[in-house]
Amino acid sequence: MAGFSIIDGLAVALPQDNIDTDQLIPARFMSVPRKDGYGPYLLHDLRFDAEGAPRPDMALNRHPEVSILVTRRNFGSGSSREAAVYALVDFGIKAVIAPSFGDIFASNAVNNGLLPARLPEERIEALIARLGDDAAVMTVDLSDGVIRVGNEVIPFDLDPVWRLKLLNGWDDIDMTASHGAAIAAFRAQRAQQAPYAMLPREN
Amino acid sequence: MNAPLRTLFDKVWEAHQVLRREDGACLLWVDRHLVHEGSHHAFAKLAERGLPVAEPALTIGVVDHYAPTRNRDRIAAPDIARMIRTLEENTARHGIRCFGMRDPRQGIVHVMGPEQGLTLPGLLINCGDSHTSTHGAFGALAFGIGATEVAHVLATQTIWQKRPKTMRITVTGQLGPSVTAKDLALFWIAELGADGARGHAIEYAGPVVRALSMEGRMTLCNLSIEGGARCGMVAPDDVTFAYIKGRPFAPAGADWDRAVADWRALVSDEGAVFDREVTIDGAAIAPTVTWGTSPEEALPITASLPDPDKLEGARADQARAAMDYMGLTPGQRIEGTPVDQVFIGSCTNGRIEDLRLAAAVLAGRKAKVPGLVSPGSAIVKKQAEQEGLDRIFTQAGLDWVEAGCSMCVGMNGDLVAPGKRCASSTNRNFKGRQGRGARTHLMSPAMVAAAAVTGTLTDVRPLLDGRV
Ligand code: SF4
Chain A
0 MAGFSIIDGL AVALPQDNID TDQLIPARFM SVPRKDGYGP YLLHDLRFDA EGAPRPDMAL
60 NRHPEVSILV TRRNFGSGSS REAAVYALVD FGIKAVIAPS FGDIFASNAV NNGLLPARLP
120 EERIEALIAR LGDDAAVMTV DLSDGVIRVG NEVIPFDLDP VWRLKLLNGW DDIDMTASHG
180 AAIAAFRAQR AQQAPYAMLP REN
Chain B
0 MNAPLRTLFD KVWEAHQVLR REDGACLLWV DRHLVHEGSH HAFAKLAERG LPVAEPALTI
60 GVVDHYAPTR NRDRIAAPDI ARMIRTLEEN TARHGIRCFG MRDPRQGIVH VMGPEQGLTL
120 PGLLINCGDS HTSTHGAFGA LAFGIGATEV AHVLATQTIW QKRPKTMRIT VTGQLGPSVT
180 AKDLALFWIA ELGADGARGH AIEYAGPVVR ALSMEGRMTL CNLSIEGGAR CGMVAPDDVT
240 FAYIKGRPFA PAGADWDRAV ADWRALVSDE GAVFDREVTI DGAAIAPTVT WGTSPEEALP
300 ITASLPDPDK LEGARADQAR AAMDYMGLTP GQRIEGTPVD QVFIGSCTNG RIEDLRLAAA
360 VLAGRKAKVP GLVSPGSAIV KKQAEQEGLD RIFTQAGLDW VEAGCSMCVG MNGDLVAPGK
420 RCASSTNRNF KGRQGRGART HLMSPAMVAA AAVTGTLTDV RPLLDGRV
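Chains A and B, in that order, give the protein sequences. With the first letter of the first sequence counted as 1, position 56 gets the number 55 in numbering that gives the first Met the number 0; the numbers rise by one all the way through. With the first letter of the second sequence counted as 1, position 394 gets the number 393 in numbering that gives the first Met the number 0; the numbers rise by one all the way through.
None of these hints come from the bench; they were simulated from the model. By construction, the Cβ of each residue, glycine as well, lies at the ideal position given by its N, Cα and C atoms. Please note that a few of the clues may not be correct.
[To be verified] Away from chain A, derived, C-beta distances all over 12 Å, residues of chain B: (1) T171; (2) G326; (3) G335; (4) K365.
[To be verified] Covered by chain B, according to a simulated footprint, are these stretches of chain A (three or more residues, beta-carbon under 8 Å): (5) 12–25; (6) 69–75; (7) 78–92; (8) 107–115; (9) 179–191.
[Unchecked claim] Below, computed lysine-lysine pairings styled on DSBU-like, alpha-carbon distance capped at 35 Å: (10) B:K44 / A:K93; (11) B:K164 / B:K10; (12) B:K164 / A:K93; (13) B:K419 / B:K309; (14) A:K34 / A:K93; (15) A:K34 / B:K161; (16) B:K244 / B:K164; (17) B:K365 / B:K419; (18) B:K381 / B:K244; (19) B:K381 / B:K367; (20) B:K381 / B:K419; (21) B:K161 / B:K44; (22) B:K381 / B:K309; (23) A:K34 / B:K44; (24) B:K161 / A:K93.
Model the full assembly from the supplied sequences, consistent with the hints where possible.
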């Protein structure tokens, strides 16, 4: 995964609380292999009516070229399904801006190069009012930690560990490989101190 | 110098810390890694890199999310059959124990783990499922992770984490009759919000928590995630040890005595400081039901729905959208709302005690609406049948089926039809969770049974009076 420092793109508002991962991707699409792409399933039941026709009033249908979402609190709460992040990323979303995120979702997002940027509730409400039903050009600058829209420069919150990870495109498995010796030593100590923590192999 | 005072969470976290990076990220050792059909993305990532599973013996697989609850011998839907086969093949390839479709130990991962004695105090437990918080009922540090993290645990038996803040929820007094751990959980989530505990590890404490059975503690810890918490924990005690003793994977003999001696130290030190403290009066909690599309939208069964016009900004929008989806009218009394069907099961409330309580309500009575009872595991099913609970359910007119996640998530095809209203013992009332357009009301299994008896959302207390 490549790192990045700037996202330039179109932003739209999804003015709802608690957009959970069941809504981001309904369970019935989750047996699809990743290589087939998850974009078509993003917020499927909000985007399409029961007959499968796109809802014209839905922001993502009006602006399919969007790359930044502005939304309300507790985005990505619920199920740990990383497919919710796959759906966003495959659709072309690069950043989600909200007052708060589900913890597991936010960490899944960072693992897939999707930026979960936090702003205070008042700032979010102001952005939602500014965007209305339209899309607007926005820049999210990861190096400086700010969002630029019109003449405004708004600082956002992001955990410093995640910031570095997104900037550098770090991969955890690669990073952990360099700690192999420490892990092996820890394992030996754990087996001694808490033998009940270990299990025999089945066969 | 005195040792620093530590919480239960601090003790278990520190016992697993392999290293801490300068930026604060910690690498933690994972004692138990549970995988299910949904782990296919993670196994695919491993295959892409050609990596082996680091600790096959500490990885345990089980079929639950897609497990059919009927006609298991001929699975009609090809993608469901494929999901199950993929797990069984992936675990076999890597030498991982797997409780597959025909295994007598099959069940929902968070029911099976404790039942088998795989879940023990002081362990760090991960699973690619948010309700992994359930295992914290034993004083384990247990939390859900995403697919990239599952691949990382498979490859290294470790996980990178930032240390969460700590929060203690102390429940004083005692719960009223027919009020359960489920009502307690829905109560605190309604008080603090669905993101009220975000970024925190919760420890549940106080006399009400001490008085809960292991089943009740599991229900409480299970729902921690619905309040946004990273995990929930209860300090282990004699109730915990009595539950674990003699289970297949629990330590035995001299190992048992040594383990219990270690586990007794897993308590928060007197005077240890939590980042946040919340106190709840257990006596103030009534049987609770959700009315909206987030677990925070919960009310005592005796209450009336809010009026969105009296709320402000985003809250008003949320309440309006929820009522619209749920087909409810502002200000209406929640009790008496007609339901179309009921569901009893899931990792929240699919254990033997849950089934006993629901059966106590249903004994000698008929359900006015159809419903499904899916035990949390094959072992729970067998136990319930030995106790004759299955006959109480079927004589009431409900369907008694095999174990799995079933109608909690609908992946196996057990769905609520669009627009239908379901009284459910599960954990998520999200839009579309039980099927597109489905209307879910969360409540305790006793309350679900009461809804079955009257065909409406009902206060279970009079129905259980004199029966338990
Ligand atoms: S029963 Fe429901 S919440 Fe529990 S593991 Fe299964 S799908 Fe998840």
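A quick look at each hint next to the structure:
no.: 1; hint: T171; verdict: 28 Å, holds
no.: 2; hint: G326; verdict: 15 Å, holds
no.: 3; hint: G335; verdict: 27 Å, holds
no.: 4; hint: K365; verdict: 32 Å, holds
no.: 5; hint: 12–25; verdict: holds (count 8)
no.: 6; hint: 69–75; verdict: holds (count 3)
no.: 7; hint: 78–92; verdict: holds (count 6)
no.: 8; hint: 107–115; verdict: holds (count 3)
no.: 9; hint: 179–191; verdict: holds (count 5)
no.: 10; hint: B:K44 / A:K93; verdict: 22 Å, holds
no.: 11; hint: B:K164 / B:K10; verdict: 14 Å, holds
no.: 12; hint: B:K164 / A:K93; verdict: 28 Å, holds
no.: 13; hint: B:K419 / B:K309; verdict: 28 Å, holds
no.: 14; hint: A:K34 / A:K93; verdict: 19 Å, holds
no.: 15; hint: A:K34 / B:K161; verdict: 30 Å, holds
no.: 16; hint: B:K244 / B:K164; verdict: 32 Å, holds
no.: 17; hint: B:K365 / B:K419; verdict: 21 Å, holds
no.: 18; hint: B:K381 / B:K244; verdict: 20 Å, holds
no.: 19; hint: B:K381 / B:K367; verdict: 26 Å, holds
no.: 20; hint: B:K381 / B:K419; verdict: 31 Å, holds
no.: 21; hint: B:K161 / B:K44; verdict: 23 Å, holds
no.: 22; hint: B:K381 / B:K309; verdict: 50 Å, violated
no.: 23; hint: A:K34 / B:K44; verdict: 11 Å, holds
no.: 24; hint: B:K161 / A:K93; verdict: 23 Å, holds
In the structure shown, a violation is registered for the earlier hint numbered 22 alone.
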